[in-house]
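J.: Okay, here's what each chain looks like letter by letter:
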Amino acid sequence: MKQQKIAAAAVAALALGGLAACSDSGDASDGASGGKQESVTVLVHDSFNVPQDLIDKFEKESGYSLTTTAPGDAGVVVNQLILAQDNPTVDAVYGVENFSVQKAVDAGVFAPYTSDALPASGADYTLDGAVTPIDQGDVCVNVDHAWFKDQGVAEPASFEDLAKPEYAKLLVVEDPAASSPGLAFLVGTIEAMGEDGYQDYWQSLLDGGTKVDSGWSDAYYTDFSGADGKGEFPLVVSYASSPAETAGATGSLDNTCVRQIEYAGVVEGASNPEGAQAFIDFMLSDEVQASIPGEMYMYPINDQINLPDEWAKYAAAPADPIIADPAVVAENRDTWIKDWTALYEESGK
Amino acid sequence: MALPVAFLGVFFVWPVVAMLVRGFVGETGLDFGGFAEVLGQGRTWRIIWQTLWMALAGTAGSVILGVPGAYALYRCSFPGSRALRAVASVPFVLPSVVVGVAFRALLGKGGAYEVLGLDGTTTAVVCAMVFFNFSVVVRTVGTMWAGLDPRAEEAARTLGASPARALLTVTLPALRPAIGAAASLVFLFCSTAYGIVQTLGRPGYGTLESEIWVQTTTFLDLRTAAMLSCLQFVIVALALALSNKMSNDVALRMNAAVPRRVGRADVPAVALTVAVVVFLLLAPMASLAARAFRHGDVWGLENFRLLATSGQGFTGGVSPVQALWTSVQIGLQATVIALVIGIPVAIVLSRRTRGAARTGQRLLDGLVMLPLGVSAVTVGFGFFISLRNMLPNEVMVPLVQAVIALPLVVRSLVPVLRAINPRLREAAATLGASPLRVLLTVDGPFMARGLGLATGFAFAISLGEFGATSFLATADRTTLPVLIAKLLGRPGADNYGMAMAASLILAIVTAGVMALCESSAKTQDVAAPATPSPMAQTLRVSPRPT
Numbered sequence: 000m001k002q003q004k005i006a007a008a009a010v011a012a013l014a015l016g017g018l019a020a021c022s023d024s025g026d027a028s029d030g031a032s033g034g035k036q037e038s039v040t041v042l043v044h045d046s047f048n049v050p051q052d053l054i055d056k057f058e059k060e061s062g063y064s065l066t067t068t069a070p071g072d073a074g075v076v077v078n079q080l081i082l083a084q085d086n087p088t089v090d091a092v093y094g095v096e097n098f099s100v101q102k103a104v105d106a107g108v109f110a111p112y113t114s115d116a117l118p119a120s121g122a123d124y125t126l127d128g129a130v131t132p133i134d135q136g137d138v139c140v141n142v143d144h145a146w147f148k149d150q151g152v153a154e155p156a157s158f159e160d161l162a163k164p165e166y167a168k169l170l171v172v173e174d175p176a177a178s179s180p181g182l183a184f185l186v187g188t189i190e191a192m193g194e195d196g197y198q199d200y201w202q203s204l205l206d207g208g209t210k211v212d213s214g215w216s217d218a219y220y221t222d223f224s225g226a227d228g229k230g231e232f233p234l235v236v237s238y239a240s241s242p243a244e245t246a247g248a249t250g251s252l253d254n255t256c257v258r259q260i261e262y263a264g265v266v267e268g269a270s271n272p273e274g275a276q277a278f279i280d281f282m283l284s285d286e287v288q289a290s291i292p293g294e295m296y297m298y299p300i301n302d303q304i305n306l307p308d309e310w311a312k313y314a315a316a317p318a319d320p321i322i323a324d325p326a327v328v329a330e331n332r333d334t335w336i337k338d339w340t341a342l343y344e345e346s347g348k
Numbered sequence: 000m001a002l003p004v005a006f007l008g009v010f011f012v013w014p015v016v017a018m019l020v021r022g023f024v025g026e027t028g029l030d031f032g033g034f035a036e037v038l039g040q041g042r043t044w045r046i047i048w049q050t051l052w053m054a055l056a057g058t059a060g061s062v063i064l065g066v067p068g069a070y071a072l073y074r075c076s077f078p079g080s081r082a083l084r085a086v087a088s089v090p091f092v093l094p095s096v097v098v099g100v101a102f103r104a105l106l107g108k109g110g111a112y113e114v115l116g117l118d119g120t121t122t123a124v125v126c127a128m129v130f131f132n133f134s135v136v137v138r139t140v141g142t143m144w145a146g147l148d149p150r151a152e153e154a155a156r157t158l159g160a161s162p163a164r165a166l167l168t169v170t171l172p173a174l175r176p177a178i179g180a181a182a183s184l185v186f187l188f189c190s191t192a193y194g195i196v197q198t199l200g201r202p203g204y205g206t207l208e209s210e211i212w213v214q215t216t217t218f219l220d221l222r223t224a225a226m227l228s229c230l231q232f233v234i235v236a237l238a239l240a241l242s243n244k245m246s247n248d249v250a251l252r253m254n255a256a257v258p259r260r261v262g263r264a265d266v267p268a269v270a271l272t273v274a275v276v277v278f279l280l281l282a283p284m285a286s287l288a289a290r291a292f293r294h295g296d297v298w299g300l301e302n303f304r305l306l307a308t309s310g311q312g313f314t315g316g317v318s319p320v321q322a323l324w325t326s327v328q329i330g331l332q333a334t335v336i337a338l339v340i341g342i343p344v345a346i347v348l349s350r351r352t353r354g355a356a357r358t359g360q361r362l363l364d365g366l367v368m369l370p371l372g373v374s375a376v377t378v379g380f381g382f383f384i385s386l387r388n389m390l391p392n393e394v395m396v397p398l399v400q401a402v403i404a405l406p407l408v409v410r411s412l413v414p415v416l417r418a419i420n421p422r423l424r425e426a427a428a429t430l431g432a433s434p435l436r437v438l439l440t441v442d443g444p445f446m447a448r449g450l451g452l453a454t455g456f457a458f459a460i461s462l463g464e465f466g467a468t469s470f471l472a473t474a475d476r477t478t479l480p481v482l483i484a485k486l487l488g489r490p491g492a493d494n495y496g497m498a499m500a501a502s503l504i505l506a507i508v509t510a511g512v513m514a515l516c517e518s519s520a521k522t523q524d525v526a527a528p529a530t531p532s533p534m535a536q537t538l539r540v541s542p543r544p545t
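Protein chains in written order, with numbering that gives the first Met the number 0: chain A, 0 to 348; chain B, 0 to 545.
If we strip away everything but chain A, and leave its shape as in the complex, we get (with noise of 0.2 Å):
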């Protein structure tokens, strides 16, 4: 047993050097704000995006050191600040969606906060002062263009033309269970055609030959058209900022755009409530709010900001979107998935 001790005891210093090696990189990265700064912990969503020269130009002027932790998309950061109710790592969070904060509201995972740098463009939007909003974004059906021209083809108008035999199988849309737009698009249809109403629709796209794709990227660059992929299909669920890529040579269906907004909060039990308050007012900053469509693809939340040349072109934010209600979709979100997804299933037999 002797030779085992040594070995164990040879093990554990090469563990522990193992593990100083981890946290010295650690802290290498966390370094560069130095000093005994207080920090503010952030929990983002994975496409959370802010430019170097603004969160420096925060840190000075707040005093903290801002680290942001980004587990996965809109979703993920919803589940994980549930599940750390009870013992919250984090001060604030950024990157809610309005398909789901209500649920986290009601579990009361936020703090009230009701910023003074909210515009008044986003002063609908925050549930009753928990939560503020950021930006928004919206989802729609976009066309291609040259596709409809080539084939002589009259594009279509609204979700009633969409489940035609004729459209529905040029339509790629995204798994709902799955994927942040493909929800945004079924409660699109949940809105447009009511509650009794959607599933029969649905019948009637999946039969017409409407294509499901688990994610958004396999629906866009391989099965659309009018994207790298040069796929099959001509109409697809994408954004209303897509077609900003492509200079016009897509554009998106106003009458199926779906509101996504995006929420920042102050979370409840936070170590750091004051950072977190100033962590919200600083995206509603002129700065970080000019700074969203380049580095997160959405629109600010407050209207006063000038989009992006391009964007004002091909891809202005479409006039009057469906903005569902959070607390409908809170309540039966889980529901309408679970009916969908029996309702797929069954077509593919």
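Simulated from the structure, these hints should not be mistaken for laboratory data.
Note that the structure is predicted; figures quoted are calculated from it, not measured.
Heads up, a few of these hints could be off.
What the hints assert, rightly or not - Just a sample of chain B residues kept apart from chain A, beta carbon distances all over 12 Å, derived: (1) G110; (2) V213; (3) L237; (4) L430.
To be verified - Lysine to aspartate or glutamate pairs mimicking EDC-like chemistry, simulated, CA-CA at most 20 Å apart: (5) K168/A to D199/A; (6) K229/A to D475/B; (7) K229/A to D493/B.
From the three backbone atoms N, C-alpha and C, an ideal C-beta is built for every residue, glycine too.
Go by the hints and put chain B onto chain A.
T.: Frame of chain A, contents of chain B only:
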């Protein structure tokens, strides 16, 4: 032994149990009633059936193509056979994210196999399973076949048996243990596959693993997820038990046969194998490479140039080059941890024991193999629930990857250590060597032989690990597979091209590291010849990153 057991206890058992407890403990206390509810749903059985069906099909395909492959690549010698063997061993260590991307490039619109219409079908998933596991069968069966005494078959032929009859009545029965061991391992890998099911299959037609993912991440229904995890674990445990039983009666007598030149009778097997390697293994890799070099409509290195940038919008700062560097650092840390824990475990498991010590060995063996059978989602979420407050993320990621790599590290070391004649140790001790000295001078050189391979696998698994890492990695320490998945999920034509180029680089790095480690193991093999059992060979090619 306390350290490895404590390690697994803290970094594996605790997180998984915490996750299961969270699922089973309802508001009214411990609640197993949900089992009846979940098992009462037709959908659950459909998912179980789907999981089993795909895994069985993937296993059957791998065996049917792999056995002739083993013959052609290990028994025959023909121009290019070495190169084919090298190509055949690459897919197994490729990250599943990369394989999904490669198959879609091949089967989808504009791909070489578009006409087959397999895009988004379960057949595509089964093909990808065969792609991954062909080499498991080829290596396991091949090494045994190469060592098979040819005289039995020759005798049968001399006595008038046709080649087919000799194959069926003499050779295949002799190979049965190796085929069985390989098949049950392939089944194990197929039944827990996540990445390829998710990227290639039809959404909604999930397996247990992908359903656990949906229940956890979409619905936060930890109760259902915990129950499905248990069901999956039962299936995996059965497969493992079968695998161990099959390999226990493996005969160890082997003469290394020299591969012979191909004769006319060998042509079908060789032709089939060449076809499999070219059309099933090389084609997806080639189509991935083609996509990587095409930016928009222009061929060139543009996608690779972009890897130093963080892409268009959305990408969260870290460039693929930085992520690759992070992956390599984390990979090294995970490899060190896995070896540090794995080596003492392997030493203990390799000792010949009986009685209570034997039982202890079996328990330890089971404990070490457990991470193979537990969903990466469960492990990742479990880490989050249990260890989040105690450890910084930078430490959690290498730890979780080390846990996932551990079964393989141990299994590639045990057989080489077991090959040591115990009398060598006794003799050394009798001559006055201290136990430490025995360990260093007797076990050491043998250990070094297995170490190359163990290191290679640990590093390759860590480089490709996706499931658990994606839950735990912080934005500034994102690994390359996680970044590739993110790039694929985001608008921007540059991002797509970058994902292709980054996938190609990840594939090349992983395969390169593996080749390096394996060639070092081979040179050492020549210096210290010994005969590892087929099970050892099987487990050398153990779990791949999910």
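J.: Look at each hint and say if it fits the structure.
T.: Taking the hints in turn, this is what the structure says about them:
1. G110: violated, 10 Å
2. V213: violated, 5 Å
3. L237: holds, 27 Å
4. L430: holds, 16 Å
5. K168/A to D199/A: holds, 16 Å
6. K229/A to D475/B: violated, 34 Å
7. K229/A to D493/B: Satisfied, since the Cα-Cα distance of roughly 15 Å is no more than 20 Å.
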